[in-house]
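Asks: One-letter residues, chain by chain:
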Amino acid sequence: MLDATQDQPQSAAQAAETLLEVNNIEVIYNHVILVLKGVSLQVPKGGITALLGGNGAGKTTTLKAVSNLLHSERGEVTKGAIRYRGETVHDLDPADLVRKGVIQVMEGRHCFEHLTVEENLLTGAYTRKVSKGDIDADLEMVYTYFPRLRERRRSQAGYTSGGEQQMCAIGRALMSRPETILLDEPSMGLAPQLVEQIFEIVKEVNEKEGVTFLLAEQNTNVALRYAHYGYILESGRVVMDGPAAELRENPDVKEFYLGMSDEGRKSFRDVRSYRRRKRWLS
Amino acid sequence: MPDQLLFAMEVTLNGLMAGVLYALVALGFVLIFKASGIFNYAQGVMALFAAMTLVGIMKGQVPFSHLINAIFGTDIHYFGWHVPSLIAILLTCVVMVGLAWCVQYFIMRHLVNQEPIILFMATIGLAYFLEGFSDLMWGSEIKKLDVGLPQGINETIDRVTFDWFGYGFFIDNLDIVATVIAALLVVALVVFSQYTREGRAMRAVADDHQAALSVGVSLNFIWVMVWSVAGFVALVAGIMWGTKSGVQFSLSLIALKALPVLMLGGFTSIPGAIVGGLIIGVGEKLFEFALGPALGGATENWFAYVLALVFLVFRPQGLFGEKIIERV
Numbered sequence: 001m002l003d004a005t006q007d008q009p010q011s012a013a014q015a016a017e018t019l020l021e022v023n024n025i026e027v028i029y030n031h032v033i034l035v036l037k038g039v040s041l042q043v044p045k046g047g048i049t050a051l052l053g054g055n056g057a058g059k060t061t062t063l064k065a066v067s068n069l070l071h072s073e074r075g076e077v078t079k080g081a082i083r084y085r086g087e088t089v090h091d092l093d094p095a096d097l098v099r100k101g102v103i104q105v106m107e108g109r110h111c112f113e114h115l116t117v118e119e120n121l122l123t124g125a126y127t128r129k130v131s132k133g134d135i136d137a138d139l140e141m142v143y144t145y146f147p148r149l150r151e152r153r154r155s156q157a158g159y160t161s162g163g164e165q166q167m168c169a170i171g172r173a174l175m176s177r178p179e180t181i182l183l184d185e186p187s188m189g190l191a192p193q194l195v196e197q198i199f200e201i202v203k204e205v206n207e208k209e210g211v212t213f214l215l216a217e218q219n220t221n222v223a224l225r226y227a228h229y230g231y232i233l234e235s236g237r238v239v240m241d242g243p244a245a246e247l248r249e250n251p252d253v254k255e256f257y258l259g260m261s262d263e264g265r266k267s268f269r270d271v272r273s274y275r276r277r278k279r280w281l282s
Numbered sequence: 283m284p285d286q287l288l289f290a291m292e293v294t295l296n297g298l299m300a301g302v303l304y305a306l307v308a309l310g311f312v313l314i315f316k317a318s319g320i321f322n323y324a325q326g327v328m329a330l331f332a333a334m335t336l337v338g339i340m341k342g343q344v345p346f347s348h349l350i351n352a353i354f355g356t357d358i359h360y361f362g363w364h365v366p367s368l369i370a371i372l373l374t375c376v377v378m379v380g381l382a383w384c385v386q387y388f389i390m391r392h393l394v395n396q397e398p399i400i401l402f403m404a405t406i407g408l409a410y411f412l413e414g415f416s417d418l419m420w421g422s423e424i425k426k427l428d429v430g431l432p433q434g435i436n437e438t439i440d441r442v443t444f445d446w447f448g449y450g451f452f453i454d455n456l457d458i459v460a461t462v463i464a465a466l467l468v469v470a471l472v473v474f475s476q477y478t479r480e481g482r483a484m485r486a487v488a489d490d491h492q493a494a495l496s497v498g499v500s501l502n503f504i505w506v507m508v509w510s511v512a513g514f515v516a517l518v519a520g521i522m523w524g525t526k527s528g529v530q531f532s533l534s535l536i537a538l539k540a541l542p543v544l545m546l547g548g549f550t551s552i553p554g555a556i557v558g559g560l561i562i563g564v565g566e567k568l569f570e571f572a573l574g575p576a577l578g579g580a581t582e583n584w585f586a587y588v589l590a591l592v593f594l595v596f597r598p599q600g601l602f603g604e605k606i607i608e609r610v
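As they're listed, the protein sequences go chains A and B.
Heads up: the first sequence at position 225 corresponds to 225 in the numbering used here, and the numbers run straight through without jumps.
Heads up: the second sequence at position 210 corresponds to 492 in the numbering used here, and the numbers run straight through without jumps.
Heads up, some of the hints might be wrong.
[As the list claims (entries may be wrong)] Taking beta-carbon pairs under 10 Å as the criterion, some of the chain A residues facing chain B (in silico):
| no. | residue |
| --- | --- |
| 1 | Asp93 |
| 2 | Ala95 |
| 3 | Glu113 |
No lab work stands behind these hints: they were computed from the structure.
In this text, a Cβ means the ideal position worked out from N, Cα and C, and glycines have one as well.
Kindly produce the complete structure, drawing on both the sequences and the hints.
Replies: Quick look at the structure:
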């Protein structure tokens, strides 16, 4: 249905400009817990790059290392480098990064519960020193992408539904007029139909506003349908990467993450006592 | 009109005025609690510190004079000048901003994302440190504070009510001034937190530190700002209470009077602090007036807490507190 990689004659040109480069980083929490053991990845301008893998693979940590939210969780990048537009960024404040155009939408939405939806969106523009007219125009832009938010603009965000909160969180990030959005687990806790809707909007924002996305997702199936390129993480290492279309056809990815084997989708009865054929890391 | 009713009216009015003073202290608590989820135990001591600093600056006292004299064997106490009260108040504001910055830099910065109970403990530590520090800085004797606010019975009200009822109400001028200032302060604070960019960021920080960080709000800046504002409020409370009853250690105990006000009004509501203060002010005065003699007096010491307790049972978030939003 939606194949992002098919209509990508421009992707070759885009590949030339790497916006974000993560080079062999190691992340340690609390000085002892080693979470990332050398993750490298590249995010091309204007693309949607997916970071896939199961629980605890290090997806969120990778995103937080980039956005520098690690510090407040007592995490630290101990090795390697993170460069944005060729500039080392891992010792910057999150606020500096937002000003540079990199903003993170955190896992689990994290809306400001007691603020109204509109106030939530306005906080997204906190770092921008622009006129009220410009902010209003951007609010309008967000409401066009998320008509639902316009209806709920006066409700406290804490009382809106999970889907609306996810929209609110993405809309809030858009208000900072970002170049790159780090989107963490947008599908978490949402009905499949809503997940589809959210990804549809992500794709639209990517195409119309030219916003680059790096998204972490457990829902490999959906993510690979919308992304252009994917990295698969396991136990803090990148075990595989490639264009999304290739990953989708890869037999290992199919078996481990998409729940399919050569015979097609399996029923629960068959996989109950299932053991993975192989592991990437022993 | 029967005398009893007139007495009750006078008591009510005085209760309202006292309530305003409680509310002033409660306001400082609400501000910091709203912005950082911290119950700032040190708020009362901050009022004491602000009042002591103000007196010290006005009298031209040398800060840390005891320490200096002890170390260098000198005998200096005063610079020998007097600072006009308005300038002294401004200087005290600067000191309170400095204090806010120190609190942020030395304590709160290191405790981001910690449990509220740990932050609470930190403020207890801060309270006792600040108490000792203000004694060291300005000396521990009781001081008189007079910034030129009108005091004593308001003649106009006395005369007018005498003409009407044949009984003159006793209202203290200082209480009237306090009411006006508190009203202005509340309006300013509400406008600030609801309608400005920084105010919105402050509420955002209160809701979710991490998310606020992620949209580029600087927690350090917001917290210095909040503690500064709480410092100003402490200064105002310190001036009012200090003028009324002298600047001394017991000033820091007014914080205890603010607790029931907070339970009643809600920890997160600025108008709630005011209404809570008024209810408690009037409530305890009327209760004392009506039942005090029968109960053996001194009901003011506990009435407020009993009232707050009753409220806690039926409305845990207080009259105006934010509803605790719970959903997944």
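Asks: All hints are to be evaluated individually against the structure, with a verdict given for each.
Replies: Hints, one by one, checked against the model:
no. : hint   : in the structure
1   : Asp93  : holds (7 Å)
2   : Ala95  : holds (4 Å)
3   : Glu113 : holds (5 Å)
The structure is consistent with each of the numbered hints, conforming to all of them.
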